[in-house]
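Numbering of the sequence shown is given in the numbering used here, commencing with residue 40 and proceeding in unit increments.
Fair warning: there could be bad hints in the mix.
What the hints assert, rightly or not - Below, simulated SDA-like cross-link-like pairs (lysine to any residue); rule was C-alpha separation at most 25 Å, straight line:
#, residue 1, residue 2
1, 180, 69
2, 62, 198
3, 152, 162
4, 179, 133
5, 179, 120
6, 62, 119
7, 180, 136
8, 106, 116
9, 152, 87
10, 62, 189
11, 42, 52
12, 179, 131
13, 42, 182
14, 106, 179
15, 42, 116
16, 106, 81
17, 152, 198
18, 106, 138
19, 180, 118
20, 42, 78
21, 179, 151
22, 52, 81
23, 179, 80
24, 62, 193
25, 42, 107
26, 180, 83
Keep in mind the hints are simulated off the structure, nothing from the lab.
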Amino acid sequence: MEKIASFTINHLKLLPGIYVSRKDHIGNEVVTTFDLRMTRPNFEPVMNTAEVHTIEHLAATFLRNHKDYGDRIVYFGPMGCRTGFYLILAGDYESADIVPLVREMFEFISSYKDDVPGASARDCGNYLDMNLNMANYLAKKYLDEVINGIDESRLIYPAD
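Kindly generate the complete structure, drawing on both the sequences and the hints.
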């Protein structure tokens, strides 16, 4: 079997950032998948499921309610390796195009203090696995260390 595109990225060189993972054409439409890499693969500890789950709930709620992007959100969810998230948008975008959106989203997550949306037995299949304090911490860390001051080294996948 042929390797899928995401397995061809050299994860030993990959830094936390915002990357275009792929672009798919569906009819006349383009769908852009972004790799929102929050930790350095194989160098830093991965995120625990509780904070990943909390970030997922907060980010998905934020994105789907966003005044400019809400109707372009196809999906937001975690990577299986727990080093980041995928964001899929309807449209043809580059990484730099969504830096303001990602900044706004992680500012929202870093300062969020209320009940996590959808964190109830009725609304979620694993609602007890949440950690808002760590989600706040990781969102602030991503903002401080990656998003604020982001440059091309964290917007384009490294060459192998």
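Hints violated by the structure (listed by number, smallest first):
1, 12, 13, 16, 17 and 25
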